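Trainee: Using the sequences provided together with the hints, build the complete structure.
According to numbering that gives the first Met the number 0, the residues represented by the sequence shown are 0 to 249, in order.
Because the hints were derived from the structure by calculation, they are not lab data. Don't take each hint at face value.
[As the list claims (entries may be wrong)] Here are the simulated BS3-like pairs of lysine-lysine, each with C-alpha atoms no more than 30 Å apart in a straight line:
| # | residue 1 | residue 2 |
| --- | --- | --- |
| 1 | 158 | 240 |
| 2 | 158 | 197 |
| 3 | 109 | 197 |
[Said to hold, decoys possible] Here are the computed distance ranges between Cβ atoms for each label pair:
| # | residue 1 | residue 2 | range |
| --- | --- | --- | --- |
| 4 | 149 | 219 | 20 to 26 Å |
| 5 | 248 | 51 | 50 to 56 Å |
| 6 | 208 | 139 | 34 to 40 Å |
| 7 | 224 | 194 | 23 to 29 Å |
| 8 | 223 | 118 | 42 to 48 Å |
| 9 | 189 | 69 | 29 to 35 Å |
| 10 | 236 | 81 | 23 to 29 Å |
| 11 | 139 | 66 | 25 to 31 Å |
| 12 | 111 | 144 | 38 to 44 Å |
| 13 | 171 | 50 | 46 to 52 Å |
| 14 | 171 | 237 | 22 to 28 Å |
| 15 | 238 | 156 | 43 to 49 Å |
| 16 | 194 | 81 | 36 to 42 Å |
Since this is a predicted model, take the numbers as computed values, not measurements. All C-beta atoms in this analysis are idealised placements derived from N, C-alpha and C, irrespective of residue type, glycine included.
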Amino acid sequence: MSEPTIDRAKLAPPTTGCVMERLAAALLLVYLVGVVVGCGSAQSAARALGQAIQNKGSDTLVNLALAWAEAYMTLHPDALISVTGGGSGTGIAAMINGTVDIANASRRMKPEEIQAARRNGVTPVEFVVARDAIAVVVNPSNPVDRLTLGQISDIYTGKVTNWHQVGGDDRPIVLLSRESNSGTYVFFLENVIRLGRKDSDLLFSPETLLMPSSEGISAEIRQNPNAIGYDGLGYVTPDQKMVAVARDAD
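Mentor: Structure follows, in structure tokens:
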């Protein structure tokens with residue numbers, strides 16, 4: 000398998016920016032990985048037939064991918080690129096099955112995913128294309144301004160269930176999360192809930208409400224004063240409040 004004939008200098012630079020240093024203490028850094036695979040002859044035939052190069056995956060990356068696709072098609076009017084979201088896991092699964100040419104992911108591929116791709120005759124090539132940050136968000140009426148990583152882990156595992164336990168009002172905490180096919184979900188589970196510990200088997204509380212999109216989390220945060228969620232920095236709007244995240248209580 001050869002790489003697709005994509006002008007990476009115009010379409011996907013190695014990095015597109017990073018989180019400002021002053022935000023680094025309050026936000027959790029996550030890498031966005033573009034997983035590129037394809038057969039040059041197959042894609043040439045697809046273009047000759049007027050078929051689009053298929054790009055699918057991370058909702059965190061979808062707006063950036065759409066901008067890249069639009070810019071590339073402006074420079075190359077004969078090119079057709081179709082971009083859809085659905086989550087990192089969905090994009091990677093589609094790539095493994097050979098139904099997309101480019102899969103966007105907000106996590107690296109798992110070893111078993113790489114093996115499955117190779118069994119299907121697909122050789123995935125990963126590129127870090129951007130950096131994003133995960134923000135922990137609450138309703139603006141919530142008086143809680145700061146949480147430690149340990150407190151967030153306790154909240155999302157169900158050990159802490161009321162805002163008064165972390166300095167807020169006496170109200171039940173409503174947990175919001177992305178669905179399990181989201182790369183952001185995987186990153187949050189491994190690095191926040193499990194605090195980066197490889198031997199941890201902690202899981203999201205069964206009371207967690209799984210939202211199908213970043214927009215779903217944003218909408219619920221805006222209307223529910225008891226809710227807490229996490230999302231890519233680019234999806235945080237002025238009518239949500241970002242909570243400062245500390246490594247520990249000190």
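Trainee: Do residue 248 and residue 51 keep their Cβ atoms within the hinted range of 50 to 56 Å?
Mentor: holds (52 Å)
Trainee: Cβ-Cβ distance between residue 111 and residue 144: within 38 to 44 Å?
Mentor: holds (41 Å)
Trainee: May I ask you to test the hint 46 to 52 Å on the CB atoms belonging to residue 171 and residue 50?
Mentor: holds (51 Å)
Trainee: Using the Cβ atoms, figure out if residue 208 sits within 34 to 40 Å of residue 139.
Mentor: Given a distance of about 20 Å, which is not inside 34 to 40 Å, the answer is violated.
Trainee: Given a hinted range of 36 to 42 Å, is it respected by the beta-carbon distance of residue 194 and residue 81?
Mentor: For residue 194 and residue 81 the Cβ distance comes to about 39 Å; the hint holds.
Trainee: For residue 158 and residue 197, compute the direct alpha-carbon distance and say whether it is at most 30 Å.
Mentor: holds (20 Å)
Trainee: For residue 189 and residue 69, compare the CB-CB distance with the range 29 to 35 Å and indicate the outcome.
Mentor: Given a distance of about 33 Å, which is inside 29 to 35 Å, the answer is holds.
Trainee: Confirm or reject the claim that residue 223 and residue 118 have a C-beta distance inside 42 to 48 Å.
Mentor: Check passed, 44 Å falls within 42 to 48 Å.
Trainee: Please check whether residue 149 and residue 219 have a Cβ separation lying inside 20 to 26 Å.
Mentor: Roughly 25 Å apart at Cβ, these two residues keep to the hinted range, so it holds.
Trainee: Does the alpha-carbon distance linking residue 109 and residue 197 stay inside the 30 Å limit?
Mentor: holds (14 Å)
Trainee: Between the beta carbons of residue 224 and residue 194, is the distance compatible with 23 to 29 Å?
Mentor: Given a distance of about 28 Å, which is inside 23 to 29 Å, the answer is holds.
Trainee: Does the beta carbon distance between residue 236 and residue 81 stay inside 23 to 29 Å, or does it fall outside?
Mentor: Cβ of residue 236 to Cβ of residue 81: about 27 Å, so the range 23 to 29 Å holds.
In summary, the structure is inconsistent with hints 6 and 15 from the numbered list given earlier, while agreeing with the others.
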